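> Start from the sequences, fold in the hints, and give me the full structure.
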Amino acid sequence: MSPSLRRRGAVLLITAVAAVAGTAVPASAAPSGPATPVTLWASTLGTGISLTWEQPRSGSPATSFRVYENDSVVARVSTTAAHLEVPFGSSHTYTVAAVDHRGRESARTAPASGRSWLYGYNPECMPVSGVPITVTEVTATAISVSWSRHSLGGDLELRVDGQSLGWTSSTGARVGGLAPGTDHHVVLYRLNRCHTGGGGVVPVASTTVTTAAGGATPPQAPSGLTVTGRTDSTIGLAWTAPPGPRPARYAVYDGATLVAVTSTTTVTVDRLHHATWHRFTVAALDAAGNESAHSAAATAGTETCLSEPPRPVALTATAVSSSSVRLSWTLEAAATSYTVFDRGVAVATTRYPQVVLTGLPPASEHAYRVVATLAQGCGESPRSRRAEITTPGGPAARPAAPATLAVTGNVPGSWPSGAQLTLTWSASAGGEQPAGYRVYEGAAVVGETGGTSLTLPVGAATTHEYVVVAVDAAGNESAPSPRVTVQAMYMPPP
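Per mature numbering (1 follows the signal peptide of the UniProt record, and there is no 0), the sequence shown runs over residues -29 to -1, 1 to 465.
No lab work stands behind these hints: they were computed from the structure. All figures in this text were calculated on a predicted structure; none of them were measured in a lab. Backbone N, C-alpha and C fix where the C-beta goes; we use that ideal spot for every residue, glycine too. Among these hints, one or two may not hold up.
As the list claims (entries may be wrong) - Label-pair restraints from in silico Cβ distances:
{"#": "1", "residue 1": "Leu229", "residue 2": "Val382", "range": "30 to 36 Å"}
{"#": "2", "residue 1": "Glu279", "residue 2": "Thr456", "range": "38 to 44 Å"}
{"#": "3", "residue 1": "Thr287", "residue 2": "Pro463", "range": "14 to 20 Å"}
{"#": "4", "residue 1": "Leu89", "residue 2": "Thr239", "range": "39 to 45 Å"}
{"#": "5", "residue 1": "Thr301", "residue 2": "Tyr92", "range": "41 to 47 Å"}
{"#": "6", "residue 1": "Ala290", "residue 2": "Asp42", "range": "26 to 32 Å"}
{"#": "7", "residue 1": "Gly365", "residue 2": "Met460", "range": "38 to 44 Å"}
{"#": "8", "residue 1": "Glu279", "residue 2": "Thr64", "range": "31 to 37 Å"}
{"#": "9", "residue 1": "Thr379", "residue 2": "Gly137", "range": "38 to 44 Å"}
Shown next, in the form of structure tokens:
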């Protein structure tokens, strides 16, 4: 075997798609770019880590988001949530930045830490701290409150003075139609998933708010709030005017966020992100700005898929040898896989945004493009721009590709140790005599051996995609074996 062939440690790739609710850096006006995202939250329950955040309506509209761990981008998405695949039992701390259509990036959020974890008991029965609740605005006739997501996730019920205003996944609410100078008790409830005690819900936060002094009587409330249409970035709303004097204006809220003020009974709320849910209410305002009680809420989601998804960009082709080319690219959205085309012919499919193409003829010309298969069943992206390259000259002979590749071992480690995957393949038959074999995960060499089997240490519960190539004494690589994809097993603690 060539001295260059040696076993290497496995590379664990963090892919795109516990609870510490980070206190977000305040969103600036961001005149030269998007505002900083707010309310970043990370999960602590599951075999990966889920993140959610919100994007302020100030600054340049955000078209995508970048998730950072330390100073490395670990996910790029086009909406306000991401799921990260990490080794089971591991903890990670993230920040998020927004990016606009010109590529300008906001400041990052304050960090939020999450954990990939499952319990041998019901975590809902463990003592959990309450949800912080904050009063963000008070007028003579209305209040705004905001809160952090519960550490275990889930919707919360909002009650004001004992009256339920419904369940919500939002992190804030606006309540109008209140009398000036009066006290109001705000309580958040969550389902009792431990199934103990007498009630079906348990309180997780409460506060008392006193409205400002004043003498005006608020107008009557609008009714019949309905959703009239939606796109990937807008939701249309309509409602019925209240009886009596015509309101001067209507204020439309998404949770506690004012999203529109209009004098008509219809509006289109814009600057939303695809695959997101919203809880809208509308209130009538008189000429002095006194606010009515809010309508019943209308909950609606934007379209799941982008109408104009981004294409892979920054496609780079680099010759590794006379037989191999390395490709890398970037996509500002979540994808399940990528297909590489050489002059219109599909030559590789991979789950990673980089790949090494092997078994190429020496001094051969190639023109590559990449297409992403988008997450959530959203079809394909437009093709990337073309990257052209010519492989260096060299001998034409290559080893034959291994005909088969299989996962023959998948051993979970006892937490917190990792798992082990064993790969086995058929020997190269034909062509140049192989000096050994090289295992690729994306564009990373994760192992080399002179035999036809290799065991790799990996993170428990992580998913991997491999190919193996035969390598001759001169370092020329065969075409790849068939690809295999496998999720490593994991063993949660009792």
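> Indicate, hint by hint, whether the structure satisfies it.
Hint check results:
About 55 Å separates the C-beta atoms of leucine 229 and valine 382, a value inconsistent with the hinted range of 30 to 36 Å. Under the hint 38 to 44 Å, the C-beta atoms of glutamate 279 and threonine 456, about 30 Å apart, miss the expected range. Taken as a hint, the range 14 to 20 Å is violated for the pair threonine 287 and proline 463, whose Cβ atoms sit roughly 40 Å apart. The hinted window of 39 to 45 Å between leucine 89 and threonine 239 holds, with their beta carbons roughly 43 Å apart.
A beta carbon spacing of about 42 Å between threonine 301 and tyrosine 92 agrees with the range 41 to 47 Å that was offered as a hint. For the pair alanine 290 and aspartate 42, the beta carbons lie near 29 Å from each other, so the given range of 26 to 32 Å is met. Distance hint for glycine 365 and methionine 460: a CB-CB separation of about 42 Å, consistent with the stated range 38 to 44 Å. Checked against the hint of 31 to 37 Å, the pair glutamate 279 and threonine 64 passes, with Cβ atoms roughly 33 Å apart.
As the Cβ distance of threonine 379 to glycine 137 is approximately 53 Å, the hint placing it in 38 to 44 Å is violated.
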